[in-house]
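Chemist: Listed here are the chains, written in short residue letters.
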Amino acid sequence: MTTHTATASQTAIPSAKTGTWWFLASEIPVFGGLIASYVVLRLGGGGWAEAVSHVNFSLGLVNTFLLLTSSMTIVMAFAAVQDNNPQRTGAFLGLTVLLGLGFLVIKAIEYSTEITHGFVPSSGIFWSFYYGMTGLHALHVLAGISVNLVLWVTALRGSLAQHSYRVEAAGLYWHFVDIIWIFLFPLLYLT
Amino acid sequence: MTDAAVDPERTHHHKLGFWRTYVFSTDHKTIARQYLTLGLLWAIVGGLLTYSMRWQLAYPETEVPGWGFIAPDVYNALVTMHGTIMVFFVAMPILLAAFGNFLIPLMIGAQDMAFPRLNMLSFWVFATASVVLLSSFFVPGGAAAAGWTGYPPLSAKAEYTGVGWGMNLWLLALALEFASFLMGGVNFLTTTMNMRAPGMTFFRLPLIIWMELTAAVIFMLSVGPLIAGAVMLLMDRILGTTFYLPEGGGEPLLWQHLFWFFGHPEVYVLLLPGLGIVLEVITVFGRKPVFGYRTIIYSTIVAGFLSFIVWAHHQFVSGMDPRLAMPFSITTIIISVPFAIVIFAIIATLWRASITFATPMLFAVGALGVFIFGGLTGIFNGSAPVDIYVHDTYFVVAHFHYTLFSAVFFGGFAGIYFWFPKMFGRMMNEALGKIHFWFTFILFNSVFIPMHLVGLRGMMRRIANPMQYEFLKPLQPLNQFITLAAIVLLLSQIAFVINVFWSLAGRKAAERNPWQANTLEWSAESPPPHGNFATTPVVYRGPYEYSSPEAADDWLAQNQPLVTAKAARQ
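Residue numbers (the numbering used here), protein chains in the order written: chain F, 1 to 191; chain V, 1 to 570.
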C-alpha cells in the first residue's frame, strides 16, 4: 500500500500536522464541556471550597512542574530530530516519557491518599468532578506517553529522522495535554 | 497546468488477498461499501423495532404477531433503541461515512483518503460499537430504556429503569461510535484540504463535498461535551458519582445541555449530506447548473455556525430559566433562513429544467417536499409558546421524522440509486425503483401526517398504552391506521432489497458515466479500481456546467478540456 500519492498537497501543510490539529480541535470541546459543567455547577451551589481544602496542593504543584518541563523536553526532542541527531532525540523523548510517568505516579499517590481518607468519587459533587476531570486527563497523559514511547523506540533504532513530522505531531498532542492541566490545576487545587 | 501523469508503480496496486480486499481493506470505496452495508442492516433492525412498537400502540396488550407480548418496560427499550439505532447506526454511517468515504476522494480526484489505515480503523471501531449495541439486547435487564436522549436521573441509576448493563453498553457503544466518526472527520477534512487534484479549487468542489465537510466540522466541534457528558453518566452509574443526581449536589439539567449541545447540531450533521445528495441529483437530472452555487456554500456555513446556538429549544419545558427561552426561540427561527435559501436554490434549479424522473430524481424531489413540510412544523416547535403545548407529543415525533426521514431515507435512497452504478458497477432496475419510491412516498405521508393530528390532540411520546387515557381513546382508529400504513411502508422496502440483489447478480454492467454527469467520479471506471484514476485528473471548471452553450453536449465534465486551447486555459 502506497501512502504517497501523485496528487500534490494543496495546502503546503503536511497531512499529519493538519490531521493532528483537527483531532485537537475535536478534543478541546471534550474538556471544554467538563470545565464548563464544573464552573456552572460550582457557581450554582455552595460547599465546594471546603472540599477543595482536602486535595494535596503541593503534589499538584509538583505535577504541574513535571508536565511543564516535559513540554519543554519534547520541543527539544523535535529540535534534535530536525538536527538529525538520533541520540539527543532519543534522550529527550525518553526524558519526556519519564516525566509523564512521574506525573502518573504522583497522581496515583494522590488518589490513594484521598481514597484512604474517605474521599471517593461518590463523596459529593466536587469529588465527582475531581475524579472525572483528573481521571480523563490521566487517560490522555497515558495515551501521550504511549505515543512518545513508540517514538522513543523508533529513535533508538535510528529510523526516526525521515519521520520528523511524527515528533512534531506528538509534541502538539503533548502540549495539549499540558495545557488542559494548566486549566485543571487552578480549578481543582487553588480555588 | 502540468500534465500530471501518475507514476504507474503507484497506481498499479499489487493484488491483495481476500481479507485485505474485502474485510480489512484500506480502500476508501470498500470502506464506504462496508459502512453502507452495516448501516442498511441496522436499518432493518431499527425498522423491525417500529413494527412491534406500532403494533403495541394500535392493539395494546395483545400479542404482536411474530414477536410476542410486549411489557411496558420492554416497550421503553424498543423506543430507546429505535431512536439510537436510526440516528447513530443508520443515518450516520450511511449519510456521513458511506457517502463521505466513497465520494470525497473520487470527487476531488484523489487516489484515496489522506490516512487510509485510520479510515480502516474508524470502520472497525464502528463495527465494534455495533457489536456492543447489539449485545445490549441480550444482557440481563435488557437494552437501554431511558429514551434515545438518555435523560438522567432516569438513566443515571440502574434501579430507575431496571436496566443495568444494557445502559452501560449503550453508553459504551455511543462512545466508540463517536471515536470512530472523529477519526473519520479528521480524515475527511485533511483529505479535502491536501489531496485535491490540480485545478480543483475549493470553489470548484461539488456541493455534496461542502456539505460533508461542514457536517464533519459540526460533528467534531459539538460532540466533545457529550463525550464528557457520557463519561460522567457512566461514572454516575458505575462509580457512584453524583454529576446528575440532585441528592449529591448534581444537576439533571446539565445532561440535557451537554446532550443537546451535540444533539441539535447532529440534526444538521445528518441533514446537510442529505441536501448535498439532493443537489447533485437534481442538477444532473435537470440538465441545468445549480442555482446560486456560492450562496448555497455560504448559507451552509452560516447554518453550521447557528447550529451551535439553538440547542436549548429542546428544553423549553425542562425547568430551564424561562428568560433563556426567547433567545433560543429567536436563533431557532433564524436558522431556518439559511436553510430556506438552500431550498429556494434547489427550487430555482428545478425551474425550467429539462427534468427526467429517473428513480434517483424521484427520491430527490421527494426528499425536498418532505423536508419542506418538516421544516414548516419546525417553526411551530421552535417558538416557545407553541412548543410548550406540543412538547413531548406525537406532533414532535411527526416533525422530526419529516426532517430526518427526508434526509436519511429519501436523500439516502436518492444517493444509493444515483451512485449504485459507480459503487457496484451494475445498473439498478428502474421499474422496481419507481415502485419503491411511490410506495415509500405515499405510505410515509400516510404514517406521519395523521401523527401530527394525534399529537395535536395531546397524545404523548413514549407511552406504551394510549388506551389507559380516556381522552386518547377516540384517537385509536387513527393510531390503527398509522400502524397499518407503517407496516406496509416497511414491507414496501422489500422492493429495494430485491432490486439491490437483482442488480448485483444481474449482467447489466454500468458504463463509466450512465447519467452523463460532470463530476470527477464519473470519469473513473465503474466501479473504480484501487487507486481510482488511471491518470490524475486535471480540473478545468466547476461541477455544474450543464447545457453550456460553449459545449457540444449538454454536459461538460470537470476534467474535459474545451476544444479551443484558449478556453481550456481559463
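Careful: at least some of the hints might be erroneous.
[To be verified] Derived contacts from chain F toward chain V, CB cut-off under 10 Å, selection only:
(1) G19
(2) E27
(3) S37
[Unchecked claim] Listed next, the stretches of chain V that the computed footprint assigns to chain F, with coverage defined by at least 3 CB atoms under 8 Å from CB atoms of chain F:
(4) 229–239
(5) 244–250
(6) 253–261
(7) 378–392
(8) 406–415
[Unchecked claim] Below, in silico cross-link-like pairs of lysine to any residue (SDA-like), each with a Cα-Cα straight-line distance of 25 Å or less:
(9) V:K157 - F:K107
(10) F:K107 - V:I238
(11) V:K434 - V:V500
(12) V:K473 - V:S52
(13) F:K107 - V:R237
(14) F:K17 - V:V500
(15) V:K157 - F:R42
(16) F:K107 - V:G531
(17) F:K17 - V:E61
(18) F:K17 - V:V217
(19) F:K17 - V:F202
(20) F:K107 - V:G240
(21) V:K157 - F:G44
(22) V:K157 - V:G141
(23) V:K473 - V:E61
(24) F:K17 - V:F203
(25) V:K157 - F:I115
(26) F:K17 - V:G141
(27) V:K434 - V:W502
(28) V:K157 - V:G319
(29) F:K17 - V:G319
Hints listed in this document are in silico derivations from the structure and should not be mistaken for laboratory results. Note that CB positions come from ideal geometry on N, CA and C, so glycine has one too.
Chemist: Now, for every hint given, state plainly whether the structure supports it.
Modeler: Now the hints, each set against the structure:
1. G19: holds (4 Å)
2. E27: holds (7 Å)
3. S37: holds (6 Å)
4. 229–239: With 6 residues in contact (Cβ-Cβ under 8 Å with chain F), the coverage given for the region 229–239 of chain V holds.
5. 244–250: Result for this restraint: holds, n = 3.
6. 253–261: It holds, with 3 qualifying residues against the three required.
7. 378–392: As far as the region 378–392 of chain V goes, the hint is violated, because 0 residues have Cβ atoms under 8 Å from chain F.
8. 406–415: violated (count 0)
9. V:K157 - F:K107: Distance ~29 Å between K157 of chain V and K107 of chain F Cα, so the pair is violated.
10. F:K107 - V:I238: OK: K107 of chain F and I238 of chain V at ~21 Å, within 25 Å.
11. V:K434 - V:V500: holds (14 Å)
12. V:K473 - V:S52: Holds - the C-alpha atoms of S52 of chain V and K473 of chain V are around 20 Å apart, at most 25 Å.
13. F:K107 - V:R237: Holds, at roughly 24 Å.
14. F:K17 - V:V500: violated (41 Å)
15. V:K157 - F:R42: OK: K157 of chain V and R42 of chain F at ~23 Å, within 25 Å.
16. F:K107 - V:G531: violated (48 Å)
17. F:K17 - V:E61: Measuring from Cα to Cα gives roughly 59 Å; hence the hint is violated.
18. F:K17 - V:V217: Holds - the C-alpha atoms of V217 of chain V and K17 of chain F are around 17 Å apart, at most 25 Å.
19. F:K17 - V:F202: Status holds; Cα separation ~20 Å.
20. F:K107 - V:G240: holds (21 Å)
21. V:K157 - F:G44: holds (23 Å)
22. V:K157 - V:G141: holds (13 Å)
23. V:K473 - V:E61: With Cα atoms ~15 Å apart, K473 of chain V and E61 of chain V stay inside 25 Å; holds.
24. F:K17 - V:F203: Answer holds: K17 of chain F to F203 of chain V is near 24 Å, not above 25 Å.
25. V:K157 - F:I115: holds (23 Å)
26. F:K17 - V:G141: Outside the cut-off at roughly 46 Å; violated.
27. V:K434 - V:W502: holds (15 Å)
28. V:K157 - V:G319: holds (21 Å)
29. F:K17 - V:G319: violated (44 Å)
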